Amino acid sequence: MKFCALGLAGFAIVLSGIPASAHHSFAMFDAEKSLTLEGTIKEFQWTNPHSWIFLTVNNAQGKPEQWAIELGGPAALARQGWVATTLTPGMKVKTMIHPLRDGSNGGQYMAVMLPNGTQMGSAFAAPSADAGGAGPAR
Amino acid sequence: MVAIASKFKHAILAGGVVAGLVCAGGTLGPAQGAENTKVPDFAPDANTGWLAQDDEFIPPPSGPGPIRSDPAHPYVSFYKFPTNPRPSFRVADLTNPILQPWTRERLQKVNERSLSGKVVAIPKERCWPVGVPAFLLLPATPVYFLQTPREVWMIWMQDRQIRRVFLDVPHSANVKPSWYGESVGHYDGDALVVDTIAITTNTFVDNYQTPHTDQLHVTERIHMIDQGKTLEVNVHVEDPGAFTTPWNAIQHYRRVVDRGPLSEIVCAENNGDHFNHGLEPMPEASKPEF
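From first to last, the protein sequence lines are chains A and B. My numbering applies: residue -17 is where the first sequence begins, and numbers increase by one. My numbering applies: residue -18 is where the second sequence begins, and numbers increase by one.
No wet-lab data here; the hints were simulated from the structure. These numbers were taken from a predicted model, which means no experiment stands behind them. We put the beta carbon where it would ideally sit given N, CA and C, even for glycine. There's no promise every hint is true.
As a list, the in silico BS3-like pairs of lysine-lysine whose alpha-carbon atoms are at most 30 Å apart [unchecked claim]:
no. : chain 1 : residue 1 : chain 2 : residue 2
1   : B       : K19       : B       : K210
2   : A       : K45       : B       : K99
3   : B       : K61       : A       : K24
4   : A       : K24       : A       : K45
5   : B       : K157      : B       : K61
Rough simulated footprint, nothing fancy, chain B against chain A, three-plus residues with beta-carbon under 8 Å [what the hints assert, rightly or not]:
no. : region
6   : 6 to 20
7   : 23 to 32
8   : 70 to 79
9   : 84 to 95
Based on the sequences and whatever the hints tell you, model everything.
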């Protein structure tokens, strides 16, 4: 499980909107970038004020790393069709995030593609031309 | 058996109080004024709430006003401009003449953290009660009103932060400082006028984290404008221990009916520092406070 793609995704903000129950400023995220991660669900926390995905992703060297992805709270997610068991440990998914500005392994949830092809959230951004290859690109 | 019966009785009483408040606020409407004139109804039904339009105060038309952002580092509010891809953290304008040297110095430290690129979490984001008048700057989810003949409650949905305003009574002779202080109020025509003192110095007056002293005294005039679509709060702040002069500020709320009724969003359920940003700690009691 690896591969990350980078693309400009300012439009994704418009598509997804800001969670109505946003609990803090999203200034920590780079909303002008999107990052696509493929990995394995380690844990999904269906909680307030934010839900969380902890995703294991292989880096460019094939070494597994943990990513923390922040989502809205259950009420906001439920309006988008989520339930507490939408993600379960061991599930292999593709997800798109706005990455943290400080470069650490985390970001703001934008979309998730489930193993059965169901897509939650906004549309996945098209990979940019320079985003080929394995490993997170920023 | 007696103890059980007593507990049951208290439960019934407590339920009755809550039911009474809900009925009074949500069904029966607010009380009539002393002259039997109709007072403003901020809660005509359980779905009506009021959504803060900004997380910093609007300056008054003239005269001393609230802390705003440093013109060299304009604040782009994530809440006011949700589609702006470049929201920013706050950098306070330290040239505001209301600041005494020590308050300016405290703000300077917050500014330094913000300018360093580190995440600056404001108290409500770490589940702390925010106090008065910073309560007016809680964004994202609505404030709901419960109006009864003796009290008005203001409830921010996101973390059930609650203010209680006791109507038509004077302040207590010896009031103990608390997170929301002691608020007394009365209706004045189309407005609810609220007077608050005894706010703990653990709070700030705004989201720039402007400090205050135990002399903080806040007066709010809450009224509807724009045919009831907007709730305006005119704020007057006095604190000779922190500010060089009294100052005024304004907040606007938009009437919303599609967010209610009040639902449960508990801040402390899972508010860990999962990104390892070195955030301020959440509330934790070191000893019982019963």
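State the violated hints by number, sorted upward, taking the hints as numbered earlier in the document. 3, 5 and 8
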